[in-house]
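One line per chain: the protein sequences are L, R and Z, in this order.
Residue numbers for the first sequence follow the working numbering, so the first one is 2 and each next one is one higher.
Residue numbers for the second sequence follow the working numbering, so the first one is 101 and each next one is one higher.
Residue numbers for the third sequence follow the working numbering, so the first one is 70 and each next one is one higher.
Quick caveat, the hints were computed from the structure, so don't treat them as lab data.
In this text, all values refer to a predicted model and were calculated from it rather than measured experimentally.
We put the beta carbon where it would ideally sit given N, CA and C, even for glycine.
Take the hints with a grain of salt, since some may be wrong.
What follows is a list of derived Cβ distance ranges for each label pair [claimed, not checked]:
(1) L/Trp-261 x R/Phe-115: 43 to 49 Å
(2) L/His-160 x Z/Ala-256: 44 to 50 Å
(3) R/Glu-281 x Z/Phe-347: 33 to 39 Å
(4) Z/Trp-201 x L/Gln-259: 33 to 39 Å
(5) L/Gly-57 x Z/Arg-90: 31 to 37 Å
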Amino acid sequence: MPGFGLTLGFTLFYLSLIVLIPLSTIFIRSVTLGPQHFIDVGFSERAIASYRLSFGAAAAAAAVNSLFGLLIAWVLVRYDFPLKRLVSAMVDLPFALPTAVAGIALTAIYANNGWLGQYLEPAGIKVAYTPLGVVVALVFVGLPFVVRSVEPVLADLGHDVEEAAASLGAGRILTFTRVILPAIGPALLTGFALAFARGVGEYGSVIFIAGNMPYVSEVSPLLIVTQLEQYDYAGATAIASVMLIASFLLLLLINLIQIWSRNRMTA
Amino acid sequence: MGITVSGISKRFGGFTALGDIDLEAKPGEFLALLGPSGSGKTTLLRIIAGLEFPDAGTVAFDGVDVTNQPITDRGVGFVFQQYALFRHMTVADNVAFGLTVRKKRDRPAKAEIARRVEELLDLVHLKGLGRRYPAQLSGGQRQRVALARALAVEPRILLLDEPFGALDAKVRKDLRRWLRELHDRMGLTSIFVTHDQEEALELADRVVVMDHGKIEQIATPETIYNDPASAFVFDFVGESNRLPISVRGGTAHFGQHPLDLPPHEAADGEATLFFRPHDVEIVDDGAPALPAVVTLARPRGGATRIEASITGREAPLELDYKGDAPPRPGDRIGVRPLRARLFGVQ
Amino acid sequence: MSAPLASPAHRRATAESPIARIVLITVALAFLGVFLLLPLIAVFAEALQAGVQPFLDAVVEPDAIAAITLTLTVAAISVPLNIVFGIAAAWAITKFDFRGKGFLITLIDLPFSVSPVVAGLIYILLFGANGWFGGWLAAHDLQIVFAVPGIVIATIFVTFPFVARELIPLMQEQGRDDEEAALSLGASGWQTFWHVTLPNIRWGLLYGVLLCNARAMGEFGAVSVVSGHIRGETNTMPLHVEILYNEYNFVAAFAVASLLAGLALVTLVLKSVLEWRFDYHRGGAGH
Numbered sequence: 002m003p004g005f006g007l008t009l010g011f012t013l014f015y016l017s018l019i020v021l022i023p024l025s026t027i028f029i030r031s032v033t034l035g036p037q038h039f040i041d042v043g044f045s046e047r048a049i050a051s052y053r054l055s056f057g058a059a060a061a062a063a064a065v066n067s068l069f070g071l072l073i074a075w076v077l078v079r080y081d082f083p084l085k086r087l088v089s090a091m092v093d094l095p096f097a098l099p100t101a102v103a104g105i106a107l108t109a110i111y112a113n114n115g116w117l118g119q120y121l122e123p124a125g126i127k128v129a130y131t132p133l134g135v136v137v138a139l140v141f142v143g144l145p146f147v148v149r150s151v152e153p154v155l156a157d158l159g160h161d162v163e164e165a166a167a168s169l170g171a172g173r174i175l176t177f178t179r180v181i182l183p184a185i186g187p188a189l190l191t192g193f194a195l196a197f198a199r200g201v202g203e204y205g206s207v208i209f210i211a212g213n214m215p216y217v218s219e220v221s222p223l224l225i226v227t228q229l230e231q232y233d234y235a236g237a238t239a240i241a242s243v244m245l246i247a248s249f250l251l252l253l254l255i256n257l258i259q260i261w262s263r264n265r266m267t268a
Numbered sequence: 101m102g103i104t105v106s107g108i109s110k111r112f113g114g115f116t117a118l119g120d121i122d123l124e125a126k127p128g129e130f131l132a133l134l135g136p137s138g139s140g141k142t143t144l145l146r147i148i149a150g151l152e153f154p155d156a157g158t159v160a161f162d163g164v165d166v167t168n169q170p171i172t173d174r175g176v177g178f179v180f181q182q183y184a185l186f187r188h189m190t191v192a193d194n195v196a197f198g199l200t201v202r203k204k205r206d207r208p209a210k211a212e213i214a215r216r217v218e219e220l221l222d223l224v225h226l227k228g229l230g231r232r233y234p235a236q237l238s239g240g241q242r243q244r245v246a247l248a249r250a251l252a253v254e255p256r257i258l259l260l261d262e263p264f265g266a267l268d269a270k271v272r273k274d275l276r277r278w279l280r281e282l283h284d285r286m287g288l289t290s291i292f293v294t295h296d297q298e299e300a301l302e303l304a305d306r307v308v309v310m311d312h313g314k315i316e317q318i319a320t321p322e323t324i325y326n327d328p329a330s331a332f333v334f335d336f337v338g339e340s341n342r343l344p345i346s347v348r349g350g351t352a353h354f355g356q357h358p359l360d361l362p363p364h365e366a367a368d369g370e371a372t373l374f375f376r377p378h379d380v381e382i383v384d385d386g387a388p389a390l391p392a393v394v395t396l397a398r399p400r401g402g403a404t405r406i407e408a409s410i411t412g413r414e415a416p417l418e419l420d421y422k423g424d425a426p427p428r429p430g431d432r433i434g435v436r437p438l439r440a441r442l443f444g445v446q
Numbered sequence: 070m071s072a073p074l075a076s077p078a079h080r081r082a083t084a085e086s087p088i089a090r091i092v093l094i095t096v097a098l099a100f101l102g103v104f105l106l107l108p109l110i111a112v113f114a115e116a117l118q119a120g121v122q123p124f125l126d127a128v129v130e131p132d133a134i135a136a137i138t139l140t141l142t143v144a145a146i147s148v149p150l151n152i153v154f155g156i157a158a159a160w161a162i163t164k165f166d167f168r169g170k171g172f173l174i175t176l177i178d179l180p181f182s183v184s185p186v187v188a189g190l191i192y193i194l195l196f197g198a199n200g201w202f203g204g205w206l207a208a209h210d211l212q213i214v215f216a217v218p219g220i221v222i223a224t225i226f227v228t229f230p231f232v233a234r235e236l237i238p239l240m241q242e243q244g245r246d247d248e249e250a251a252l253s254l255g256a257s258g259w260q261t262f263w264h265v266t267l268p269n270i271r272w273g274l275l276y277g278v279l280l281c282n283a284r285a286m287g288e289f290g291a292v293s294v295v296s297g298h299i300r301g302e303t304n305t306m307p308l309h310v311e312i313l314y315n316e317y318n319f320v321a322a323f324a325v326a327s328l329l330a331g332l333a334l335v336t337l338v339l340k341s342v343l344e345w346r347f348d349y350h351r352g353g354a355g356h
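Only chain L is shown next, with the shape it has when bound in the complex (with noise of 0.2 Å):
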């Protein structure tokens, strides 16, 4: 067959030149800054609060949306109901809406005159400005990670199966922590980890709604640009780099639960 110079060649040099080597100047320039320097400015105090409030908040949320996105995911499977196709859809609005856009409604919605803010408040749920609004976006934006991971395997799961863990005298309950759980555990945990990463890195939803206080609400993309905006790129270069491992270590996550569950039910 014709043209694997051609398209593997270009696919090297477009990779190469917009991805790896771009990529690899945030690790150049961590290294020339020297382990001690490194190590002040990326694990600074306000870096490491950033970074909780990052890994956390995204925990929370793919939490959050493990929890939902499993229940919209056997109720978009499962049951017939009225507008399905036109719900189903919408499970994809995050992918489809910019981020900032997304960002400023959340912001209208949760604020103390909001539609929902005016409720919270006065019942002391404060929603935006706080660390509980970063929560929100990134439950946002990490939903349909977890629904459309786990939809095509709960599909998969054989009716069959069910009703084998029913004729062995198992309610419906223990049929679902016994069997269906386990089952699709691999797509849920990958779901998760998908809206987790997304989530850690997210900006555009959640500096509107965050407050960005700085040791409170501020996020480490936030505060990556904080810093270039006051020129340091010492300290700006220096986060990307520990997020950009955390990233690669959530891709291997990803990459090894898939190998794990693979390997464990197919021959």
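Dock chains R and Z against chain L, hints included.
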């Protein structure tokens, strides 16, 4: 444990899957539900299991009405067509499942469960494979895991949905014989669904032939084969030839040819004649028999399979000739059914 | 003797009771309503809260027009480049066997796991005043960051995998038979591609382009870092929204945002049409 099914009906939307079914399986009996797809046999099995619920009628086990009991409480063993093994569990965990999901006070101790699993794996000839995953087994092995899993809860009734459907011919035959032994040894009452008549006739004590949601005949394999109760059963079970004929004055005629048939009690009118390929006598042309022309003759088993065309009928007759001088293609012969059945045209 | 008619609860042994079903559906829909639908409605409601006229004014104002033009321009450059790349990568990966293929696929997916802000930062480090090529670019009076080229490159980075990751599984599944048949009949490589491969992959390609375009027009983080925020010059629509919002010009901010939300809805509709009409199913989670 005996199974009594009375007056079961089931509709899916506008489609009648089962219409007023009565059936009884005696304790220790091995029944086959035989029929083409869409005959309702699987639906009937699922209703007996408690996987579906009938629109009308009752299911009773040893006289106790279980119609509204879900499968979870019926204590039947069910083997699924595609085995339905839990892919994320090892073979041992699959087999143990029914015991480990029991309520705490009914659940055997861990060591006891492990012992029972070993015993069952031994029983189904899978000793040492307990730590494998289903994906690492062959089709026949998976089938046996499914069986061991169903037997782990010590059911008195075993229900199997096309248990050999997904296996190749050789494995099928071995498993069949082995399943029958198992059934006898464990004193089970078993019902299995199949569309393979050979399987039903070889394995079952009695065969239930179904078509279009009705039972056509319930009888021993011998009776089903030798004395089919309806045209459908004759056609569906075993090889057969069918001829449209008319009965005039007590004598059957094919076209203008009177036929010398064994005694029958058909009323005058249109009818269909059924006979098996080996239940014929081939005589010289000119005798009072069906005139036919041999189109094909080839050895088969201990006989010669002959295909012969007959005027006014498109499909050739299939006949077995057991003598030493088989007719050759082109020969004119007379065909005289020795055993035949007449069924009126419905 | 006749049993009671089966209640709906008894239709299947493994179905939840109707009450459980209704509760589950209600909770799922409520969650989607609050977290997805409400923000979408809020965009349009806020944009139109002062009536239609302020909305229109905000959309036709010169800076808004400039932002719209720039967004369309950036998408018009970056999407075709990523289409060419996506097709080339999918062709190389699915039509040939070579070592390191899995690793190459992972590398192609890499931009999805990089924070958009980091994506912007790397180009600052390369092309900014203090960057590797900063001095050389300044000497030749060329500007990449804080100018349109930087925005285009950053957009290409964040939308890099969309087309390729849509085509690779699709072409893998379709195999090589069709192409080999065409070649054996004397077609050239290009003819084979145009007449055999392209018609086979057109829906998948369209699907990838749709998602690629949506992200290209909506990208915020990466573009924000490299743009320099020069009004009327390096402001894309999402950046324009941010500026208006930070100036407390909420109606105008939501007016421009509603255009982007409209784009998102069109994307979702077309995507759904592809999935239903042409029965184009995609596997796994997208981005």
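**OP:** Please flag the earlier hints that this structure goes against, numbers listed from lowest up.
**Re:** 3
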